[in-house]
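Each chain is listed here by its residues.
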Amino acid sequence: MSVDATTVRRIAHLARIAVSEDEVPHLQGELNAMLAFVEQLSEVNVEGVEPMTSVTPMQMKKRQDVVDDGGIADDIVANAPATEGHFFLVPKVVE
Amino acid sequence: MTDLTSLTLAEARKGLADKTFTSLELTDAHLSAIEQARLLNAFVLETPDRARAMAREADAKLARGEAGPLAGIPLGIKDLFATKGVRTTACSKILGNFVPTYESTVTSQLWRDGAVMLGKLNNDEFAMGSANETSCFGPVGNPWRREGSNTTLVPGGSSGGSASAVAALLCMGATATDTGGSIRQPAAFTATVGIKPTYGRCSRWGIVAFASSLDQAGPIARSVRDAAMLLRSMAGHDPKDTTSADIAVPDYEAAIGKSVKGMKIGIPKEYRLDGMPAEIEKLWSEGAAWLRSAGAELVEVSLPHTKYALPAYYIVAPAEASSNLARYDGVRYGLRESAKNIIELYENTRASGFGAEVRRRVMIGTYVLSAGYYDAYYLRAQKVRTLIKKDFEDCFAKGVDAILTPATPSAAFGIGEKGGADPVEMYLNDIFTVTVNMAGLPGIAVPSGKDAQGLPLGLQLIGRPFEEETLFSLGEVIEQAAGRFTPARWW
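Chain order of the listed sequences is A and B.
Residues in the first sequence are numbered from -11 upward in steps of one, following the working numbering.
Residues in the second sequence are numbered from -7 upward in steps of one, following the working numbering.
Rather than coming from a laboratory, the hints here were simulated on the basis of the structure.
Keep in mind that this is a model prediction, so the values were computed, not measured.
Accuracy of the hints is not assured; some may be wrong.
As a list, the in silico DSS-like pairs of lysine-lysine whose alpha-carbon atoms are at most 30 Å apart [to be verified]:
| # | chain 1 | residue 1 | chain 2 | residue 2 |
| --- | --- | --- | --- | --- |
| 1 | A | K50 | B | K390 |
| 2 | B | K375 | A | K50 |
| 3 | B | K6 | B | K53 |
| 4 | B | K250 | B | K390 |
| 5 | B | K53 | A | K49 |
| 6 | B | K232 | A | K50 |
Residues from chain A that face chain B, not an exhaustive set, calculated with beta carbons under 8 Å [said to hold, decoys possible]:
| # | residue |
| --- | --- |
| 7 | L19 |
| 8 | P39 |
| 9 | F76 |
Think of the CB as a built atom: it goes at the ideal place given N, C-alpha and C, for glycine as much as any other residue.
With the hints as constraints, model all of the structure from the sequences given.
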């Protein structure tokens, strides 16, 4: 399978990465090189094979349903580019 | 006094215990070596004040006889590990001036045991790369050069700063991470020892995530024993990482010098590639001969799905990366580009904050997870991964204790030499190491010889899950036979 220019623009938008028109041909070439490389997986017989969900045979650990962290709002916003009090600031989302 | 930077970690530990020198002297020697080696670009942040304060504290503890196992030992930390109050960027512009308010579990355990932090080490952006060329701080120089040449070579990647700093005697050991070969490949390129432990052995908490089902932390060091000492402090169960294994950490150092007599070592025929340099083939046979003379039994084994590991990796890893890197949105931390609305804010921030390799992988990951393509790519790759793991399980079920392979398909290459036209050319560097991540197994790279141009080459040993001790025992046999390698100083 390979991707066309329209698909490249669609993927970029899904990935939330701005792509300018003159970058599209180059990206298309690189993505297609990667897709051509992974194409060889289609020759593997995977009939009846379970997809891997965990590389080590371990049970998902569960913890007590209790609050064991928190009260660190200052820490949470410490690195934010724009804040007001303990809130993150973003451009207006609701008109 | 002999040059303190040329000691191994084990030798330094003895010198500190015997009061031959202090941690402050040892730390100062390394800080001055770092200053003189800025040409290598191995450190992206030097923390001399913190280093000296930690060294003084270690000296006080040593004097009181309360010293931990790594007391006073100066280390470098890959910039992927969050360090409290010290800028951590994953060498990406998008993290900008991020200063964590918390410490990664692995580094906090090193400080618990008395180690000293010299600074943060360069790496490929978000650990995506095999040459340390994708870092926003620029490439790292390998302390090794071809004989009679002034060309600067890459140290490998993604832990290129870690490998370069350890090889150039700028730190006694370094933390590193390995998602497809990022500890073992740079170790092989710089004649250092690097071990990627079993998935779950080290906590991933506080390490910038790349591909969570593959990422593991491990040390890069100057000897097998040093690597064993570091891993003992780095490993261990952490409730904050649900995939961290609740298994006691053994004294890895005790495995050094243990007999390997009667161990069964597999030589996988699928790792014999067409067009593989004769030197690597020769090194591989030599390694087998060394293990045989130490009493191990060599057997040919088959890992039939080996060739599919790298293509499957280039679906699984970008898919997980696209999901992990969704958090870099210009809202909660790091870079923010201006925009009229929230979608543009995300798109502009991520376009200017991520480098080309990261953008490419996030996009491929987004594509293979998108509606209509998930089954064809991602699901198929995860099935192939099951088969790759089964190959190893079948092999271990036949009594094989460890598998011996070359660490890399070539020695180090020049900056800018690979991957310019086709990204896949660079990806092939990890052909021998990536299988190990796909199967969650431990793997160690040990310096084993040099090529005709005088560049170091390494061998890899792959072990059963949680049997890192076997790798340390076997690795030391190779180290004893091959000797240690130090680059001639040019920087």
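So, going through the hints one by one against the coordinates:
1. Note on K50/A and K390/B: the hinted pairing is violated, with a Cα-Cα distance of about 35 Å set against a maximum of 30 Å.
2. Restraint check for K375/B and K50/A: the C-alpha separation of about 27 Å stays at or below 30 Å, so the hint holds.
3. About 15 Å separates the Cα atoms of K6/B and K53/B, which keeps this hinted pair within 30 Å; it holds.
4. Between K250/B and K390/B the CA atoms are separated by roughly 23 Å; this keeps the pair inside 30 Å, and the hint holds.
5. Restraint check for K53/B and K49/A: not satisfied, since their Cα atoms lie roughly 37 Å apart, outside the 30 Å limit.
6. A threshold of 30 Å between alpha carbons decides the hint, and for K232/B with K50/A the separation of about 11 Å falls inside it, so the pair holds.
7. Contact between L19/A and chain B, as hinted, is supported at the beta carbon level, the nearest pair being about 6 Å apart and thus within 8 Å.
8. Proximity of P39/A to chain B holds as hinted, the smallest CB-CB distance being about 4 Å (cut-off 8 Å).
9. Contact between F76/A and chain B, as hinted, is supported at the beta carbon level, the nearest pair being about 5 Å apart and thus within 8 Å.
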